[in-house]
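Asks: Take a look at the letters that make up each chain.
2 protein chains.
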Amino acid sequence: MILSGGFRETGAEGAQREQEIKEIARRYGIRMVGPNCVGLMVTHQNLNITFLKDMPAPGEIGFLSQSGGLCAAVINWAPQAGIGFSRIISLGNQSDINETDMLAAFEDSTNTRVITVYLEGIDDGPTFIETATQVSRTRPIVALKVGRSQAASRAVASHTGALSGTDEAYSAAFKRAGVLRASSMEELFDWARALAWQPLPQGNRVGVLTNAGGLGIVAVDALEAAGLKLAPLTEATKAFLRPRVLPAASVENPVDILGGSGSATYALALDALLADPTVDAVCVVQAPQDWFSSTSLAEVVGEIASRSRKPVLACVMGLESPSTSAAANILNQRRIPNYTFPERLGSALAAMWHRQTWLREQKDAAEVHEDPPARDADAASAVLQRARDAGRTALLAEEGYELMAAYGIPTPAGGLAPTADDAARMAEAIGYPVALKIVSPAIVHKTDVGGVALDLADAGAVRAAADAMRDRANQRFGNAPIHGFLVQKMLTGGQELIVGVTRDAQFGPLVMAGSGGVAVELTRDVAFALAPLRRAQAAALLDETTAGPLLDGYRGAPASDRAAVEDIIVRLAQLALDQPCIAEIEINPVIAHRAGAGASAVDVRVILSADDRAGAA
Amino acid sequence: MILSGGFRETGAEGAQREQEIKEIARRYGIRMVGPNCVGLMVTHQNLNITFLKDMPAPGEIGFLSQSGGLCAAVINWAPQAGIGFSRIISLGNQSDINETDMLAAFEDSTNTRVITVYLEGIDDGPTFIETATQVSRTRPIVALKVGRSQAASRAVASHTGALSGTDEAYSAAFKRAGVLRASSMEELFDWARALAWQPLPQGNRVGVLTNAGGLGIVAVDALEAAGLKLAPLTEATKAFLRPRVLPAASVENPVDILGGSGSATYALALDALLADPTVDAVCVVQAPQDWFSSTSLAEVVGEIASRSRKPVLACVMGLESPSTSAAANILNQRRIPNYTFPERLGSALAAMWHRQTWLREQKDAAEVHEDPPARDADAASAVLQRARDAGRTALLAEEGYELMAAYGIPTPAGGLAPTADDAARMAEAIGYPVALKIVSPAIVHKTDVGGVALDLADAGAVRAAADAMRDRANQRFGNAPIHGFLVQKMLTGGQELIVGVTRDAQFGPLVMAGSGGVAVELTRDVAFALAPLRRAQAAALLDETTAGPLLDGYRGAPASDRAAVEDIIVRLAQLALDQPCIAEIEINPVIAHRAGAGASAVDVRVILSADDRAGAA
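Just so you know, the protein sequences line up as chains A and B, in that order.
Position one of the first sequence corresponds to residue 1 (the numbering used here), numbered consecutively onward.
Position one of the second sequence corresponds to residue 618 (the numbering used here), numbered consecutively onward.
All the pointers check out, no bait thrown in.
In silico lysine-lysine, DSBU-like type, Cα no more than 35 Å apart, as pairs:
#1 A/Lys-489 with B/Lys-1106
#2 B/Lys-855 with A/Lys-53
#3 A/Lys-229 with B/Lys-792
#4 B/Lys-1106 with B/Lys-1063
#5 B/Lys-670 with A/Lys-238
#6 B/Lys-1063 with A/Lys-489
#7 A/Lys-446 with B/Lys-1106
#8 A/Lys-175 with A/Lys-363
Simulated from the structure, these hints should not be mistaken for laboratory data.
Values in this document were obtained by computation on a predicted structure and should not be read as measured data.
The task is simple: from the sequences and hints, build the whole structure.
Replies: Below is the structure:
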């Protein structure tokens, strides 16, 4: 473990030094933490291998940090927050051991009930996902990933490229691996306390118990904003409570026992709420009263909560830090997370519910075997190789359709016709109206040369359009090599979507789906997930955008073939996984026909990696 | 001031009692606070008219609360946060004196530099806006408005109705009046401290000064997410800093002086950043170090900041509460707001910048006189009266167009033709293609009887469509009274928008504008503002949605006539203001033609108030 600085972080000379120590370590089979790190603390063994004087109290929370300064700050802050740690690890320059190695090492830490991570980047995406998924099965991981605003500007060739930032890939990776992504340091440790100290809720229905209506409303707003619901409460619970609270009190949820009720009433009401089968979790929200002590309240809440397998979170406002307030200290000792303001209850409880949901999805997925989609990967490879051999970085239109065919993704009826007459014959065969597109490796932007004609209604129109296109192309490019004309059945009606995939440098294929339209980069009505995708994951992706409800038949519109769209998404993900030379695919639009009638990939753009190594990541 | 409970909050008998005391007060000309409130504290006069024992320290923050429990909670919490108050007022049942009266009373409070408000509802919307605007000119108001999630379900007749909740009206009212809307109790007091203690920034470019890279990145993420920018820093600043910091330090923004630099370096660097003309505000972010005290840092930051007219906010992590930590106490005494985590700097500084922006808008608006739009209000009233006399609560299509005409809102060429032949003649006059719609008070949903025909290309088609419609209508409704046929020029191309107005019970006409489409209730790509609207306000409304950039010409598309759309919005707002019997108007779509070619209200739905009193609110 090398704590010293003066390595990569200082420039070229330092980087050289770092390379030297790295080689020495490798030569002798030594694993190394750092250099340029704060070090390591293992509190339960009273082990402090850092240059910091004070160690936090032993506790259930592990903390892994890619910033040494942040370790120091957190250690300094922990006592006033009443938070104890199991391990605190600073990773420094990660010359050898990286964040994923250290994450895996937490599997042995019986003292750690939740792992918090401060991340600036990840060394190896797939390994991180694999390790984090494994670790998440036994212990929640909460991550604060920074650098959201500093996404490097990248050259992009499609909507999908413009919309898929590195940050979306991180979010998708975390979601896949069950890592809960906190949006602030406050959330990181708010969630950690709740997850470490309280059991997970079995559902999302919350009981709120308060002595101040206003604080109760603030809590309810936050809970509902976080996607949780107010528990309805049974009549039995209300009947039990009614004679035990003041006449003006509310026995409806949020239960408001009013300022005239003390610890005893809290005990009765909390017990009743926890026993109510409609309640999955309880939030105790208290404005202090002069006539009874917060200490007795803390004791009562701790005692009742400890008997239940449902989570209890508290907001007793106005307690000083646990180091100076007896009541705050009691809540901490009884492992009741207490938050200064009611809003934080909503965020913390939602994180617990998200974890429960992820665990259940894992269980469901393990029970249902789902084969990857059938496909002809060799045929697809041949198409891609042909384009690469020709030195092209974008597929021609008909090659895009061949790729779709190889992966079982339906496209509109049609095909490539070498001449205008062939095009007219093909149009007769597939039926009108048709679209016609000129195909030539010399023509990148077809519309520039009037190379696209829509809604052609008869053979004459097809022939005339093809002749005119050829003339314009020859005029512009001087007898360009024209492969022919793509004839396609025009699809009318149906629900339009955009489906695409990019290749993230860290995490590989990142699938995007959502509602399409010219303004998709403004509306950002799209969602992201990493490949491969199971059917249920493709369905969930659609439901994260307006595409889901629109496909289901919005405002009385007939339902579209959502299953067919999900199938396209699953197949596209598989295609990108199988064929690492693909940099981007965008299908825009996918048209979903009425339920049972399928969906079609109407326009397909495929961009190849300029650099094959990027594809191999 | 009546602190006792037992009134309206307890039921019918209590309400009766409350009515009695209200009448007594009125009879003798006595103004009354309460009943059922905690009371009033004026700290600088050591005046405590509540049933609470402890008063917070005197300070610059006023607190006005519609929840007594929240007052008690805040008073209890204030010492640990190091926050002092000027006045704390609990409003109770507001039988006489309400939140707006008390807000106005703050104008006399020389000790109050910022007013914080906990709101559950407002008594009288227009008076609140007028008073709050007046008060905001001299003192910032920060409000926490709760009950977002509890919007009563309402019967709605349009997209506009479904999208315009009470909460949107509150947000629009706050924005109009310069009231800063906090989303949590933490923000309420985070913002209040920043606004009360530091000068407003003159721009949105922020310098970040830190000794820990990780914390600096967290701060930058939060600042950028809140709409602020990193100051570029001048070369002179960087040249000054370079020899004064460690070799591995960063003199680029965020300036990272590293853990090996102490209070003296903070002093030099903070002074340099505040002197830099590219810097509008500075955030000092510090991870504690063993080798120098946070106390000296607090003194240094306080001293340098006090010499500058630019705001300085701090995040010195890990300080205990000001009541137990010397450093936290010094920062509070020097009026440097200190936040536990860096993310809160972004939120607080953005609130300061929003206030500065509002003050500037007020100044600009005062300098430019803008007449309300010319209109024929009498003609519009006559149209509305005619419908009301006929007992209708929705205008007929042609009446909607008459209303638009009276307010100078352009509609597609066309008009009402009594017979099929008249319709054909009218179509010849205006040019093809045309749309044809049957007009009958008996037919509410025209599409049910095939009462709409689009894209009719010649006189024969118009005549045939009209005859067919009449036949179907007669068949369905048995010789329905048919007023005739609305003939309209079909508009092709152009940018489609939705513009509407509803009448909020508290705040009157609430204007909505944004991108249209069938899924507008899912995408919610719309923004809200209260009537009347100045031209600049209409423009700002469009820019809150994707409609703004789309109108400006998105991705190389030609620009549309944005000015014409803004004009329609201003006129629609005026119409709703002038005509209180209108409950809802929805123009969907408004089509904006190419720049200079105007915009048209294509489809206009007007719903009248069933109850005239609602209209008068």
